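Visitor: Numbered according to our numbering, the sequence shown terminates at residue 660, and the numbering increases by one at each position without gaps.
Rather than coming from a laboratory, the hints here were simulated on the basis of the structure.
These numbers were taken from a predicted model, which means no experiment stands behind them.
Hints should not be assumed to be uniformly reliable.
Stated by the list, open to error - Now the in silico label distances, taken between C-beta atoms and shown as ranges: (1) I644 - K42: 48 to 54 Å; (2) E598 - N162: 21 to 27 Å; (3) K42 - F326: 33 to 39 Å; (4) K484 - Q205: 29 to 35 Å; (5) W472 - T171: 32 to 38 Å.
To be verified - Lysine-lysine pairs mimicking DSS-like chemistry, simulated, CA-CA at most 27 Å apart: (6) K507 - K175; (7) K48 - K541; (8) K377 - K45; (9) K507 - K470.
Ideal Cβ placement from N, Cα and C applies to all residues, glycine included.
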Amino acid sequence: YDVIHVKANEVINKKYFGTRKSIQLQEVEVAANKSDKTEKVNISVTKIDPIVINKLPSIGEPDIAQYLQVLPGVVSTGDQGGQIYIRGGLPVQNKILLDGITIFNPFHSLGLFSVFDNDIIKQADVYSAGFNVEYGLRNSAIMDVRTKDGNKQNISGKVQASTFSAKFTLEGPIIRQDSNRAGASYVVSFKHSYLPQTSPFIYKYANDFTNNKTNGLPYYFTDIFAKTSFNTQTGSKINFVGFNFSDKADFKNVATFSWNTYGGGSNFYIIPPSSNLIMDGFVNFSNYKIKYINHTIEGNVKTSSASNFDAGFNFVRFIGRNDIRFGLDANILNTDYEIQNPNFSAIQEQRSTANIGAYFKFRWILLDKHLVIEPGIRTQYYATLGIFSPEPRVGMKYNITNTFRMKAAGGLYSQSLFSANSDRDVVNLFYGYIHGPDSDQFPNVYLDKNGNKKQTNSSVQKAWHAVAGVEYDFLKFFEINVEGYYKFFNTIINVNRDKLYDDNQINQNIPDNFKKVYIVEQGDAMGADFTLKYESKKVYVWIVYSYMKTNRWQGNATTGEVFQYPPIFDRRHNFNVVASYNFGNKKQYEINVRWNFGSPYPFTPTQGFYPNILFNNNINFNYVNSNANLGFIPGILNSSRLIDYHRLDIGF
């Protein structure tokens with residue numbers, strides 16, 4: 009045995025290594041999350057285990073992109089484009105992190121797949137509302153994906169193939185770790201799609217054979233990821249990560265969309281001996297570039313790029329069961345958006361900004377462990393824009409019993425990044441980014457939802473969150489979670505789809521709604537989510553019902569009118585059931601089922617048709633005998649609804 013002397017407020021790290029021996033063990037049950045349920049707020053967060061992702065019937069291979077769609081408050085407008093809307097927020101309002109590195113576009117054009125390899129994911133945390141001060145620069149949600157370290161003792165690998173793609177992972181020790189020395193390991197992942205080659209034979213119904221065209225399913229992607237980890241005997245560690253993800257959708261004779269993102273970084277954790285302070289830090293970089301080529305108009309090209317550099321430190325100081333968390337981070341963001349069209353002048357917008365953030369949070373457990381309070385403050389300084397944004401946030405939980413708990417959270421959030429395309433597009437494979445446009449590109453005055461005139465002080469957009477709920481554990485294997493939420497987006501900068509005139513002296517009397525590049529809207533989202541989870545040795549059941557109502561308000565400061573409409577992702581009811589059953593002598597067989605029902609999405613109906621004659625600036629054009637193109641007159645924006653959606657998947 010080993011004698012350990014423990015002193016007050018002292019942290020001791022000790023590692024034990026056992027000798028290798030085969031032993032037949034009896035049943036062991038480990039429940040490590042019980043204290044987290046009672047001592048942490050954990051509101052509006054879903055912790056995704058890769059084992060659970062495998063229980064979802066998948067197309068191609070298990071992927072977190074498909075699993076996200078069964079989470080509470082999450083909707084997707086289709087498999088093509090792969091954009092996720094979380095509790096009323098836009099994709100650009102969601103911050104996606106891979107080992108702390110910002111990923112601007114985590115989903116491939118064929119939205120069934122993400123850039124994340126499920127075999128190397130350690131855990132993914134999705135914060136859908138009310139997240140605390142550790143995260144900044146986004147207004148709606150956070151998805152924090154952490155990868156596992158490589159095998160520290162043995163070399164192992166996996167090869168997998170489907171009709172969509174193939175992949176392999178390889179991991180192993182660089183320096184085998186034992187009780188007398190530190191260790192190092194690596195893990196490598198590679199994914200590649202060959203769908204354009206297999207689809208003409210396997211998915212013939214999806215091919216276009218007209219005019220000798222065989223487009224098939226023209227979706228290409230390649231994902232490469234590598235990580236090395238160095239672990240010390242005291243528990244401290246440092247990781248180095250690198251990745252390169254690429255995607256292409258090539259529609260012959262129509263258009264080509266392609267993007268690439270690459271990056272890397274390092275993060276470390278320091279656990280000083282005999283100390284109650286833990287420190288971690290990070291330095292990372294990522295770059296994203298997307299390109300659109302219109303093959304029907306020569307020279308029509310659109311590109312967008314965004315690069316991000318982050319560095320920071322986080323500290324945790326433990327005071328008994330309580331703790332103090334504080335940190336500092338710096339961010340440099342560059343965006344470049346360019347449009348080339350032979351019929352118009354080229355447009356290019358380049359922006360660069362520096363952002364500095366700091367936060368402080370205290371977790372206080374009191375009233376004999378019945379009450380948990382997590383007040384915090386985040387200060388965000390947009391240095392280039394000269395905007396200082398203090399953002400108070402708070403979370404709390406009251407443990408009525410060990411199995412029944414109430415919780416609530418809320419706060420203020422901000423961001424300066426917005427999308428280069430309109431969020432009114434149902435499907436848009438071009439997803440670019442713009443940061444902090446010039447003040448003359450959007451209206452100086454806008455109308456809020458009540459018709460009051462507001463000054464557009466800057467391009468920094470802000471949002472308020474409020475969420476409350478209850479959670480209940482019963483009959484050993486059951487968990488129920490019910491939450492209601494409200495998000496108010498005070499300012500949403502959007503691309504102006506109604507722009508008809510140049511913003512110059514000649515058109516000074518034209519309303520801003522028809523000449524500004526961007527518009528300023530307000531929006532909100534309210535709803536409730538019910539989640540039931542049952543998990544035993546053989547059976548896993550996940551049932552989610554979500555109710556959501558999302559609104560947008562666009563005002564005309566000239567006329568004083570305010571137009572209210574539902575955005576394209578406004579789905580009133582969404583119901584998901586996931587069930588999995590293991591059977592066999594060694595539980596080697598598994599059957600998985602997923603059922604989804606969704607109420608209709610809104611869409612803009614067609615009001616009428618007309619002959620669209622293009623005169624081509626020719627005074628002698630014979631418009632009487634010419635064949636006109638069919639033009640259409642749209643109705644009121646998103647004033648109609650599609651039909652109900654139902655889907656059933658079964659996997660074995």
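Visitor: So which of those numbered hints doesn't the model satisfy?
Guide: Of the numbered hints given earlier, those the structure breaks are 3, 4, 5 and 6, listed in rising order.
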